[in-house]
Amino acid sequence: MTDKTAITLTINGKDHKVSVEPRRTLADAIREDCGQTGTHIGCEHGVCGACTVIVDDAPVRSCLMFAVQAEGKKIRTVEGLADGDKLHPMQQAFMDNHGLQCGFCTPGFLMLAVGVLEREPDISDEALIDVLSSNLCRCTGYQNIIKSVRAAAAEMRK
Amino acid sequence: MSEHSTKGSGGDGMKWVGRSIRRLEDPALVQGRGRFTGDLPAAHWVRFVRSPNAAGKIRSITAPDGAVAITAADIEGVKKITPMLHKFNYKPVGQPILAEGDVRFVGEAIAAVVASSEEEAEDIADLVEIDIEDATALIDGRAAIADGAPQIHAGVPRNVIVNAQIKTPGFDDVWTSAAKIVRCEARSNRQNATPMEARAAHAAYDAATGRITLHCTTQMPHLVRTAIADCLGMPESDLRVIAPDVGGGFGQKMSLCPEYVLIAWLARHLKSSVAWTEDRRENLIASFHSRDQYITLEGAFDANAKLLALRADVLANTGAYSCFPTTCGMEPLMAMAEMPGPYDVQQYECLARAVVTNTCTMGAYRGVSRPAITFTLERLMDKAAKAFAIDPIDIRRRNLITQFPYKSAMGLEYDEASYRETMEAAVEAINVPAFRARQQLARDKGEYLGIGFATFSERTGYGSPAFAARGMAITPGWETVHITVDPSGFVEARIGSSPHGQGLRTTLAQIIAEEIGVPPQMIKVVHGDTDTAPYGWGTFASRSLVISGGATLIAARKIRAKLLKIAGHMLEAAETDIVLEDGKAKVAGTDREVTVAAMAREAYTQTHRFKGEIEPGLTESGTYDPPGTFSNACHVAIVRLDAETGHVKVERYLVAEDAGRIINPMIADGQVHGGVAQGIGNALLEEIIYDESGAILTANLADFMPPTAHEIPPIELHHLETPSTQSITRAKGLGEGGTIGPPAAVVNAINDALTPFNVEIDTIPATPQRIRALLRNAERAS
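Residue numbers (my numbering), protein chains in the order written: chain A, 1 to 158; chain B, 159 to 940.
Simulated from the structure, these hints should not be mistaken for lab results.
We treat Cβ as the ideally placed atom computed from N, Cα and C, and that holds for glycine.
Treat the hints with care, since some could be wrong.
[Claimed, not checked] Listed next, the in silico BS3-like pairs over lysine-lysine satisfying Cα-Cα at most 27 Å (straight line):
1) B:Lys429 / B:Lys238
2) B:Lys807 / B:Lys742
3) B:Lys682 / A:Lys86
4) B:Lys716 / A:Lys147
5) B:Lys173 / B:Lys249
6) A:Lys74 / A:Lys17
[Unchecked claim] Now the in silico label distances, taken between C-beta atoms and shown as ranges:
7) A:Ala154 / B:Ser178: 41 to 49 Å
8) A:Arg150 / B:Val684: 30 to 38 Å
9) A:Ala127 / B:Pro315: 39 to 47 Å
10) B:Glu605 / A:Asp56: 58 to 66 Å
11) A:Arg23 / B:His427: 54 to 62 Å
12) B:Ala186 / A:Glu126: 28 to 36 Å
[Unchecked claim] Derived list of chain A stretches under chain B, where covered just means 3 residues or more per stretch with a C-beta under 8 Å from a C-beta of chain B:
13) 38-44
14) 89-103
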């Protein structure tokens with residue numbers, strides 16, 4: 001299991017040439033090989049969604065994807081959401097609406113919500129709760145996450 | 159939705175306290191710039207080899223050639239974790255850092271494999287062969303005290319590790335004179351607090367000084383330092399503990415993990431950096447569990463449904479060892495002390511025991527015993543209402559405490575609260591008559607709705623005397639805060655509390671801003687590093703805003719006094735004529751003013767001007783150790799029950815809550831929201847299930863089932879504010895309150911929905927399987 005493969009991962013527009021075992025998950029590669037620790041790992045079972053990143057415009061659980069599968073794809077993580085000093089409307093909405101407490105699940109929720117809203121800007125409130133129920137948060141009881149995402153959706157439609 | 163109203167004085171004329179300002183913690187966290195323990199690189203990684211057996215003797219441990227696998231034999235001299243109580247027939251047990259001879263639960267660490275990467279450590283750990291002579295496992299608390307049960311620890315006969323009893327002198331007379339005795343046999347099943355960040359530790363050795371820096375995800379960095387220094391026999395000054403960003407704790411991270419001790423030992427042994435990041439399965443089977451209790455509660459009532467006496471039997475299955483520092487007495491002794499809750503009852507008998515079993519050790523989880531005791535007491539009140547054929551709200555009206563201060567049967571002094579007022583506010587907001595009409599219409603169509611209430615008191619912000627009363631060898635309680643205005647005019651507050659999501663950097667900054675007139679954005683609250691923070695106890699037990707907040711206020715008042723003195727000198731004005739606001743000292747009614755920055759600069763660099771009347775520098779300290787205060791709330795749940803499947807949906811959830819003065823309403827609401835969601839999980843979903851052999855069947859999040867956005871309805875909040883006289887900020891604690899009410903409110907609502915079937919459920923979680931089993935039996939019986 002220790003034979004390594006050289007691959008290039010494109011994260012937030014930047015190429016990272018890394019050498020990984022075939023079994024290495026995308027989550028581990030992003031964090032450990034590429035040093036982007038904003039993506040968090042909560043369960044490694046695909047249940048909690050803390051490790052959600054956007055791969056070619058779709059939110060994915062990076063713990064359920066191998067790094068080698070992501071070669072040649074555009075990967076976006078929480079570190080790439082802001083435009084320089086200007087926060088993404090989703091980040092701003094989470095701050096304005098107290099959508100986070102400990103902040104551990106937050107990057108996953110941000111990437112999930114941004115990925116879905118970019119694809120479906122007019123998503124209904126009901127469908128939005130369906131989407132947000134794919135990730136777990138232990139602090140907020142989801143109340144202010146839902147409020148934040150709704151506020152960001154309105155802002156992103158402008 | 160959130161509404162705030164104030165009872166009594168307070169909340170008046172404040173500029174920063176009481177405002178929903180944005181959190182100062184957030185900019186880093188929303189940009190992925192938080193720093194969590196697992197983000198640190200290390201030279202060595204550890205994988206623990208854990209016991210697959212719940213009970214037995216280790217015959218042999220065989221590691222592959224060349225592997226580094228540390229076992230108990232390698233760490234001889236490292237002391238066991240042996241928390242102490244000096245009361246309640248406590249039998250101390252020691253937890254070895256790695257299992258020695260015996261294994262006592264599935265998941266107990268037996269060996270630590272060290273390798274250069276996590277993957278390699280895992281690969282090698284898979285090849286370590288453990289041979290264990292299997293023994294009979296005791297899983298259930300009642301089985302552990304049965305005749306003939308095996309004894310798990312030497313020196314703990316019948317496996318009873320805490321045995322506390324109390325009976326008030328007049329109990330027997332009142333009991334025999336009662337009109338009705340009502341009984342509730344409640345079962346609170348085992349949970350895991352499940353912070354989103356599981357446990358992690360990273361220790362680095364500094365070759366120049368020989369010091370170890372241990373980063374770990376903990377709620378109590380100073381206590382971790384003290385305890386590890388004790389275990390390893392090293393000076394505390396050679397150990398620096400840092401709790402960086404911590405991804406939730408909920409009590410699970412306020413006990414010392416043997417794994418952290420070993421990681422620190424390894425860094426010293428290898429003279430290198432060593433890290434361990436727990437996986438979710440390990441967290442679910444081998445961190446700390448909670449809530450596993452059987453409670454039998456009986457109430458003696460007079461003919462008017464007035465509660466006269468309570469009799470409780472609490473049996474807490476506290477797992478294989480005793481958690482440090484609170485000990486396994488935490489659950490049963492809190493149950494004993496706080497069982498009477500918000501009701502006026504002066505006669506009380508209680509037997510509270512902790513028993514050891516071959517299960518994961520129990521630690522704290524948000525609310526500790528109170529979700530279980532509130533569940534039991536509120537089920538009892540609903541059963542009593544039924545027995546007297548009166549409304550559940552009416553029986554509460556007849557029994558809630560309305561005169562303050564109130565001394566409980568256990569001798570606790572309740573400060574002023576609003577038990578009746580919060581309940582009436584909740585009753586009005588939920589509109590009971592409209593619900594009853596809707597419930598009847600639904601029943602006619604074969605649909606089952608129910609409403610349930612939970613009223614409770616919550617002891618918060620208690621200092622060292624409360625822990626001393628439990629006989630704890632370590633009595634946390636006080637907190638110290640150091641505030642410095644530096645020569646640039648920026649403010650730094652170093653605190654001993656260790657927040658991990660509660661927003662204390664913001665709320666404490668608001669308290670300081672209010673006193674010294676500097677905006678919160680210029681105030682940095684620093685915590686979690688034992689090299690910079692004053693010794694303190696960390697963040698747990700709804701204490702930090704009350705106790706650290708109190709210490710902050712004391713220190714901030716001293717800074718204020720000194721600023722006024724300096725301003726008096728600089729502006730040549732009487733201190734009483736000076737106001738501090740907008741980062742300046744101003745002489746009222748004039749245009750004379752000086753900035754805090756200029757005063758601070760003067761305090762360090764121009765001290766000769768003060769002619770010896772003012773000490774140089776601008777640093778002050780405050781320490782606070784309050785007696786404790788009681789928050790209170792009424793929760794209401796409306797549920798829809800599917801009789802065919804047993805599925806329960808919470809349709810509406812309402813909280814009327816009183817936590818005294820609210821420093822930041824937005825943050826306060828967030829605390830209640832999160833607590834309620836965990837409480838709904840406790841009521842309906844989450845359960846650690848052991849099979850008979852002691853293996854855990856719920857070892858991933860899909861099986862343990864924390865609630866998602868689907869299961870949590872919009873939570874309606876109403877805040878009443880009864881400013882506390884037992885807390886100098888007038889705030890009461892509210893970190894745990896949200897978690898306490900839902901099991902009682904939701905299960906009372908389920909039982910209301912079940913009324914037509916004539917069955918009752920007194921077990922949490924009230925899963926579809928349990929509800930269907932009751933309904934099936936009822937169908938068979940009819």
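Comparing the hints with the structure gives:
no.: 1; hint: B:Lys429 / B:Lys238; result: 23 Å, holds
no.: 2; hint: B:Lys807 / B:Lys742; result: 55 Å, violated
no.: 3; hint: B:Lys682 / A:Lys86; result: 23 Å, holds
no.: 4; hint: B:Lys716 / A:Lys147; result: 40 Å, violated
no.: 5; hint: B:Lys173 / B:Lys249; result: 52 Å, violated
no.: 6; hint: A:Lys74 / A:Lys17; result: 14 Å, holds
no.: 7; hint: A:Ala154 / B:Ser178: 41 to 49 Å; result: 20 Å, violated
no.: 8; hint: A:Arg150 / B:Val684: 30 to 38 Å; result: 35 Å, holds
no.: 9; hint: A:Ala127 / B:Pro315: 39 to 47 Å; result: 60 Å, violated
no.: 10; hint: B:Glu605 / A:Asp56: 58 to 66 Å; result: 45 Å, violated
no.: 11; hint: A:Arg23 / B:His427: 54 to 62 Å; result: 30 Å, violated
no.: 12; hint: B:Ala186 / A:Glu126: 28 to 36 Å; result: 33 Å, holds
no.: 13; hint: 38-44; result: holds (count 7)
no.: 14; hint: 89-103; result: holds (count 9)
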